[in-house]
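Q: Here is how the chains run, residue by residue.
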Amino acid sequence: MSESFRSSAGRKVVSRSSARELGSVSHLLVDARQRRIAAVVIGRGKKAQLVDWTQLSGFGPDAVMVGDESALRPPSDDRERAAAAGKLELVGKRALSEQGNELGELDDVTFDAGTGVLEELLIGTRRVHAGSVLGSGSYAVVLGESQDHSP
Amino acid sequence: MLLMTASQIRGLPVVTVQGGEDVAEVRDVIYSPEAGRLVGVTLNKRGFLAGRSRDVLPAEAIHAIGQDAVMVLDESSLVTPEDAPEDVGHPATERNVLEDDILTEGGASLGKVADLVLLVGSSGEVVGYQIEKPGGERGYIPLPAQLSVSGVALVVPNMTEEFVQDDLVGLGGAVDEFRTRLGLT
Numbered sequence: 001m002s003e004s005f006r007s008s009a010g011r012k013v014v015s016r017s018s019a020r021e022l023g024s025v026s027h028l029l030v031d032a033r034q035r036r037i038a039a040v041v042i043g044r045g046k047k048a049q050l051v052d053w054t055q056l057s058g059f060g061p062d063a064v065m066v067g068d069e070s071a072l073r074p075p076s077d078d079r080e081r082a083a084a085a086g087k088l089e090l091v092g093k094r095a096l097s098e099q100g101n102e103l104g105e106l107d108d109v110t111f112d113a114g115t116g117v118l119e120e121l122l123i124g125t126r127r128v129h130a131g132s133v134l135g136s137g138s139y140a141v142v143l144g145e146s147q148d149h150s151p
Numbered sequence: 001m002l003l004m005t006a007s008q009i010r011g012l013p014v015v016t017v018q019g020g021e022d023v024a025e026v027r028d029v030i031y032s033p034e035a036g037r038l039v040g041v042t043l044n045k046r047g048f049l050a051g052r053s054r055d056v057l058p059a060e061a062i063h064a065i066g067q068d069a070v071m072v073l074d075e076s077s078l079v080t081p082e083d084a085p086e087d088v089g090h091p092a093t094e095r096n097v098l099e100d101d102i103l104t105e106g107g108a109s110l111g112k113v114a115d116l117v118l119l120v121g122s123s124g125e126v127v128g129y130q131i132e133k134p135g136g137e138r139g140y141i142p143l144p145a146q147l148s149v150s151g152v153a154l155v156v157p158n159m160t161e162e163f164v165q166d167d168l169v170g171l172g173g174a175v176d177e178f179r180t181r182l183g184l185t
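Same order as they appear, the protein sequences are chains S and H.
Per this note's numbering: the first sequence = residues 1 to 151.
Per this note's numbering: the second sequence = residues 1 to 185.
Everything labelled a hint here was simulated from the structure, so no lab data went into it.
One or more of the hints may lead you astray.
[Unchecked claim] Selected chain H positions facing chain S (Cβ under 10 Å, derived; list incomplete):
#1 V17
#2 G20
#3 E21
#4 G66
#5 Q67
#6 A69
[Said to hold, decoys possible] Which chain S residues stay away from chain H? Per the calculated CB distances, all over 10 Å, these:
#7 S7
#8 S8
#9 S15
#10 E21
#11 R35
#12 K47
#13 A48
#14 P61
#15 G67
#16 D68
#17 S76
#18 V117
#19 H129
Don't be surprised by glycine CBs; every beta carbon is placed ideally from N, CA and C.
All chains, full assembly: derive it from the sequences and hints.
A: Following this line, the structure appears as C-alpha cells:
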C-alpha cells in the first residue's frame, strides 16, 4: 500500500507487546542511496528517538507498530543527530537538479508501506520518480539530470 | 545555451550531489584568458563559520554550474591551494582582465571589461565579456576561443565591433555566428 510522508506525520507509534503508545511520528529519515526509508523519527529536538525501519512490525494506516520500547533508540551519528534536529526532513526541502537549477519545493513523498521503498516525489504539480534521487541533505534533495527543466 | 556573468556566479552555494549539503559558496571565479575558460573558483565558508575559506575548487572537480548552485560530487572536490593545479592554487594577478581596455586589431577601443560571461552547465567556457562602452553604457561582446592579454589591454578581432550586444540573450545568439565567421567552429 502506498503511503505519504505528509500523511504519516503525527501518526502514533504503538508497542505491540504492551499496546502502549510510545510517541508519534515526527518525520521519516531516508537513505538516499537506497531510495528507501532508513528510520522513523519520533519526537523532536533533544528528546527525539529513532526506530530503524527494519525494527517495525507494521507501518499501518492508523498506527506504526514496533515490537516493544527497546526498538526506540537515541540518534547514534551526525546524520541521525541532524535528523533528530529536523534538518533532514524531506517535506518542504528545496529540490535541486544535478545541473545546479532549483526545481521547487518538495511537497510530499510517497512510499510503499510494506517495504519502505520511496515511490514518487511531489514538487508543485509535478510527480518525479524516486529513482532520480541522487542525494539528500540539510540543504537540498538532488535529482538526476532527466528532471532538469531549466530554460 | 545558458550564459551567466561571473557576478551571478559569485555567492552561489556549492552543493554536493551525493550529500545534498551546501559545503561552501563561491567567492570569486578564477579565469584564464589564454585558455578562454574558468579554471576554478575561490570559496567562502557557509553558516556559522561564514568567511573566507582557504580551499579552492578546480574546474575539473565541478560537476555543473547552474542558475542556483555550483554542484560537486562530494566534499573531497574542495582542495587546499597546495593540492590544486598551479593556476588555481596560485593564480597570477595579471590575469585579471577587469577594467582592461578592449582594443580591436584596427586600434579602436570598444570600452573596458566589466564582467566575464560564461557558458555554464558542465563546461565553464568564457564566451564573452560584459563591457562598459566609452559612453558609459553596458554591452556584451563575444570572444574568440583564445585571446592576447597584457594585463592592461586586450586585443580582439575587428569584426567584434559588429557583434556588440545589449543583453545576455543577444550574446547567446551572437557567439556562434561570431565564431563561425572567424572560422573557429
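Q: Against the earlier hints, flag every one the structure doesn't satisfy and list their numbers going up.
A: none
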